[in-house]
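Asker: Quick mapping for you: the protein sequence lines, in order, are chains W and Z. Here the first sequence stands for residues 206 to 386, numbered as in this note's numbering. Here the second sequence stands for residues 479 to 583, numbered as in this note's numbering.
These are computed hints drawn from the structure, not numbers from a lab. The C-beta atom is built at its ideal place from N, Cα and C for all residues, glycine as well. Among the hints, erroneous ones may be present.
Stated by the list, open to error - DEER-style ranges, computed between Cβ atoms: (1) W:Ala367 to Z:Lys492: 39 to 47 Å; (2) Z:Pro495 to W:Thr290: 19 to 27 Å; (3) Z:Pro499 to W:Thr290: 22 to 30 Å; (4) Z:Met541 to W:Thr278: 35 to 43 Å.
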Amino acid sequence: MNLTEEELVHQFSQPNRRAGAFSVIVRTYQERLYWHIRKMVLSHEDANDVLQNTFMKAWNGLEGFRGDSQVSTWLYRIATNETLTFLTNKRMRSQSSIDEVEEGLLQNLKADNYFNGTEIQLKLQQAILTLPEKQRLVFNMKYFDDMTYEKMEAILGTSVGALKASYHYAVKKIEKYFEEE
Amino acid sequence: MKNNKNILIEEMSKELPFTVPENYFDQFALQIEEQIGFKKSISRKVFKPWMYMAAMFIGVLIMGQVFYTVNKNNTTRNAENYETYVLSQVDENSLADYYVSEPAN
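Whole structure, please, built from the sequences with the hints as guidance.
Answerer: Structure follows, in structure tokens:
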């Protein structure tokens with residue numbers, strides 16, 4: 206079923222067609238959102254939990270969605286917030302520092318059955334984990350997804366200039382990590 | 479030295495080193511649809527016009543067969559009823575006379 210954004214938004218406002226329209230957006234965006242989340246939380250189980258929360262939040266807010274932004278932007282925003290909340294909660298639950306949480310994520314990644322990277326890919330993930338969370342988001346969205354800065358601005362609410370600077374410094378830090386290791 | 483490192487980052491495979499369980503996304507979508515109470519109805523477009531025609535034809539055949547069977551049973555039952563009625567109108571002596579009497583030439 207190929208519905209336009211306008212048709213989808215129109216169906217969101219109709220109670221008898223809302224679930225059908227939502228099913229379309231789940232099937233359209235689930236993979237993109239999953240990888241967006243997975244790159245941050247690293248383990249499959251955690252990514253699955255956060256993705257479920259993302260779609261349930263979206264479902265509960267569907268009635269109020271008026272199409273002020275693109276559906277994909279709206280979903281990415283929810284997924285990003287859910288991911289950052291998940292990481293914050295994880296840190297609070299374990300009462301550990303950011304570094305300890307990142308170290309925990311890395312250990313989980315090594316033990317994850319659904320990680321099949323090479324040594325160099327693991328090292329890149331280690332390097333990315335040294336970045337602050339928001340910079341990590343920016344780096345992943347640009348480096349792996351090649352997302353435009355304008356789209357990132359709409360999702361993260363950060364100006365294009367600041368995003369460019371953030372990405373530039375992230376690349377420098379990762380290069381430095383590779384030099385030193 | 480530094481340039482080499484730059485090249486390394488840019489030349490590194492951007493493919494993600496993660497996998498997901500088999501059929502994960504199909505299962506995930508179904509799970510969410512279940513949670514929101516969405517049941518997929520079978521689209522009417524699945525049924526093609528020739529399928530409607532075939533169903534009608536089979537229906538007519540079945541109805542014809544049923545009608546024929548019922549009608550045949552009624553005819554047999556009517557014949558049996560008539561024979562029983564005729565026999566009931568004749569007493570036993572007359573019947574015996576009928577069976578033993580010589581055929582009239």
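Asker: Hint by hint, note whether the structure agrees.
Answerer: Hints versus structure:
1. W:Ala367 to Z:Lys492: 39 to 47 Å: Roughly 23 Å apart at Cβ, these two residues miss the hinted range, so it is violated.
2. Z:Pro495 to W:Thr290: 19 to 27 Å: holds, 25 Å
3. Z:Pro499 to W:Thr290: 22 to 30 Å: Check passed, 25 Å falls within 22 to 30 Å.
4. Z:Met541 to W:Thr278: 35 to 43 Å: violated, 59 Å
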